[in-house]
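Novice: So you can see what is in the structure, the chains are spelled out below.
2 protein chains.
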Amino acid sequence: MSQKEPDSQIGYLHSEDTYPELIIECDSRSLCTDEAVGKDLWKKAKYQKRPSFNLVGETEDEQRTYGKSDIDRIWVAVDGMGGDYAPGTILEGCLRAVELLPLKIRFVAEPELFDLAVQELRLEDKLQRALSNGLIELIPSGISIAMSEEPTMVRRKCRASINIAMDLVRIGRATSMYSAGNSGAVMASAIFRLGRLVGIDRPAIGALFPTKDPNQQVLVLDVGANTDCKPSYLHQFALLGNIYSQYVLQVEQPRIGLINIGEEDCKGNELCLKTYPLLMAENRFNFVGNCEGRDVLSGNFDVVICDGFTGNVMLKFLESVGSVLLEVLRAELPRGRRGKVGSAFLQRNLVRIKKRLDHAEHGGALLLGINGISVIGHGSSKALSVVSALRLAYSAAHHNVMSDLKKLSTAIVN
Amino acid sequence: MSQKEPDSQIGYLHSEDTYPELIIECDSRSLCTDEAVGKDLWKKAKYQKRPSFNLVGETEDEQRTYGKSDIDRIWVAVDGMGGDYAPGTILEGCLRAVELLPLKIRFVAEPELFDLAVQELRLEDKLQRALSNGLIELIPSGISIAMSEEPTMVRRKCRASINIAMDLVRIGRATSMYSAGNSGAVMASAIFRLGRLVGIDRPAIGALFPTKDPNQQVLVLDVGANTDCKPSYLHQFALLGNIYSQYVLQVEQPRIGLINIGEEDCKGNELCLKTYPLLMAENRFNFVGNCEGRDVLSGNFDVVICDGFTGNVMLKFLESVGSVLLEVLRAELPRGRRGKVGSAFLQRNLVRIKKRLDHAEHGGALLLGINGISVIGHGSSKALSVVSALRLAYSAAHHNVMSDLKKLSTAIVN
Chain A
1 MSQKEPDSQI GYLHSEDTYP ELIIECDSRS LCTDEAVGKD LWKKAKYQKR PSFNLVGETE
61 DEQRTYGKSD IDRIWVAVDG MGGDYAPGTI LEGCLRAVEL LPLKIRFVAE PELFDLAVQE
121 LRLEDKLQRA LSNGLIELIP SGISIAMSEE PTMVRRKCRA SINIAMDLVR IGRATSMYSA
181 GNSGAVMASA IFRLGRLVGI DRPAIGALFP TKDPNQQVLV LDVGANTDCK PSYLHQFALL
241 GNIYSQYVLQ VEQPRIGLIN IGEEDCKGNE LCLKTYPLLM AENRFNFVGN CEGRDVLSGN
301 FDVVICDGFT GNVMLKFLES VGSVLLEVLR AELPRGRRGK VGSAFLQRNL VRIKKRLDHA
361 EHGGALLLGI NGISVIGHGS SKALSVVSAL RLAYSAAHHN VMSDLKKLST AIVN
Chain B
1 MSQKEPDSQI GYLHSEDTYP ELIIECDSRS LCTDEAVGKD LWKKAKYQKR PSFNLVGETE
61 DEQRTYGKSD IDRIWVAVDG MGGDYAPGTI LEGCLRAVEL LPLKIRFVAE PELFDLAVQE
121 LRLEDKLQRA LSNGLIELIP SGISIAMSEE PTMVRRKCRA SINIAMDLVR IGRATSMYSA
181 GNSGAVMASA IFRLGRLVGI DRPAIGALFP TKDPNQQVLV LDVGANTDCK PSYLHQFALL
241 GNIYSQYVLQ VEQPRIGLIN IGEEDCKGNE LCLKTYPLLM AENRFNFVGN CEGRDVLSGN
301 FDVVICDGFT GNVMLKFLES VGSVLLEVLR AELPRGRRGK VGSAFLQRNL VRIKKRLDHA
361 EHGGALLLGI NGISVIGHGS SKALSVVSAL RLAYSAAHHN VMSDLKKLST AIVN
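So the protein lines, in turn, are chains A and B.
Note that the first sequence covers residues 1 to 414 in the working numbering.
Note that the second sequence covers residues 1 to 414 in the working numbering.
Treat the hints with caution; some may be incorrect.
[What the hints assert, rightly or not] Calculated lysine to aspartate or glutamate pairs in the EDC-like style (CA-CA distance at most 16 Å, straight line): (1) B/Lys354 <-> A/Glu327; (2) A/Lys212 <-> B/Glu327; (3) A/Lys126 <-> A/Asp115; (4) A/Lys230 <-> B/Asp228; (5) B/Lys230 <-> A/Glu270; (6) B/Lys230 <-> A/Asp228; (7) A/Lys274 <-> B/Asp228; (8) A/Lys230 <-> B/Glu270.
These are calculated hints, taken from the structure and not from any lab test.
Required output: the full structure, derived from the provided sequences and hints.
Specialist: Here it is as structure tokens:
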């Protein structure tokens, strides 16, 4: 895993009580309203056991301590304050993830809220173990950005957890970051802190939807970053999705579709009508035409392009349909005497079906088009979703998708 | 059922071989390119047995022949040429519908294609029976409007089946019409032939989605008539949906939601941000706020408002999710020995689940905001969808929804 050199504008202070403090670069043009700057060091020493920010396998000591398999672990920065159930549930997911996946987590959170959540969920022992094993590190943050706040608040709340997690990626202290917070704010922070890829006007959020074929997924983008789009944005989404599908999902020649309300090229809203010829004229990917709502899960497309409003509605709708149908199953299957007997026989298979439909299993989306890997979770993420999103973060970092996306930049400008 | 007086501009010719011919009013400003005008009389006499266009229960003879229950049947005009499998499958659905529902059908189609389809599907006997019983009448039409054609073609192809079916409603020869054709063309024809309700800029297509609660449906509009919307359109959709939900679905105080990507009023695309305050300021209905994709099927809303692009994608997506999940069930349930035994016990319940999920069961949408009842089916409608759509046409006509919608007109302008 290639690591970037620390950025000269950002440095680390190992505070007296061994906690690192990130000096966060503030935008001089906007007023930093974060009153906690400088005051919110992680005061309590009870969790942290080791000095922070040794890259994995960096020191001989670390190599001796954690052994070969641990050296392969990669660092992921987690915005511990993002999401409706943060920070407790996010931490819970992280603790599970480090048991299941070859990664280590730099967990960024407001210390006081974090401590409360740890007590509430009784995670002290588990956390302590993970800290002692060096699988989790805690990084203090300032006041967080609320779900209802404007994305631009990332410029005022400089020490918000989103910003710190993003900076960890920027300076190479993490290979990727994950946040279940305000997705607009995650995107804004990514743009300000990591920057866009050359040739990309607006980054997009790409989500993987299941298809009829259990072995195939379809990448849908944008699912929420850009509510109002221009045709050129959709064109760029197609370029981004194409690369991602090729290099991370290993699809040789991804079939790209444009979400529309009819198959014919004369159908659609103004945006689609203007986008269609752009995609049609493109020879850098395989545009196969319009994709109606009913075709998204058909398995006939590998990448599906849409504006962020439509994609977001569709993503959330999909999740709910799964749970509605589970309720239908629960209500209908055991009806009657035969139903009761049959259902009893099917317990194990029903659990598997639930797992396949459950959105928590598909709980992360990638921010594409920025200069680093960011995974965005649902605001309502529970522990299982967090694990699933971290799996995605690992997978993207592991496949070194960034280097491919940077190649794309060159391709777009040329 | 109140019947309108025949429009003076439109009359009927009973052709020599007893087939009625509709003299279709053509827009003098647009050139009528339909070469078949005047030539496409239904030449073959083999199906038709009775003189056409006696309104149900209109003649004593009819009352004697068909008895009391038949008098209660209402006339529905069907665009026999609309849809991917027209006219055969549409006729098949109509033949089934007249057995199940208290209605009679005026079936409009191109005679030659109709004859071919009847032969192909071997519907001769069934059709003959329905004709002899006066449950179906055949009306010849000119060249149809293709799925890929511009909606404005309804002004050039004056004798297209959509136009004739619409005119039957206009002159009171049918209480409602059904088409599974080009939905843009259906809307255009409805606007030109029937006219909009006073105060309504753009009619909308409203579809009923199932919810978690088997006894509750949610009305989603628009699902395809208006791909690009203004805030005032969405405002009017809310007014239309409110009345429809109250009078046809019998919801006392419908809870109205606006499709958006977040619950907060600051979230959304430009259209939603501008629509929200309009709905908020309204006191003629109960606007309960933004409705995310995941909330549509929650049962927390009775009416959900969105632009026709988003609604159409969602509608088609919903249908496909049902069938994808059925495939998941089919694949996962019988796995293993216990699974096979259990599935065998569950056969009957599985059929019921399939029925509840199958989109063919939910196969029609209402065109709201025009001066008459039009039901639009999916382009891919099969016989079962046709029956389901005709049930909706019957239900709307039976509840006399038009008189309530006309009251709305007064409410909107006041």
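Novice: Now tell me if each hint is right for this structure.
Specialist: Taking the hints in turn, this is what the structure says about them:
no.: 1; hint: B/Lys354 <-> A/Glu327; verdict: holds, 14 Å
no.: 2; hint: A/Lys212 <-> B/Glu327; verdict: holds, 7 Å
no.: 3; hint: A/Lys126 <-> A/Asp115; verdict: holds, 14 Å
no.: 4; hint: A/Lys230 <-> B/Asp228; verdict: holds, 14 Å
no.: 5; hint: B/Lys230 <-> A/Glu270; verdict: holds, 13 Å
no.: 6; hint: B/Lys230 <-> A/Asp228; verdict: holds, 14 Å
no.: 7; hint: A/Lys274 <-> B/Asp228; verdict: holds, 13 Å
no.: 8; hint: A/Lys230 <-> B/Glu270; verdict: holds, 13 Å
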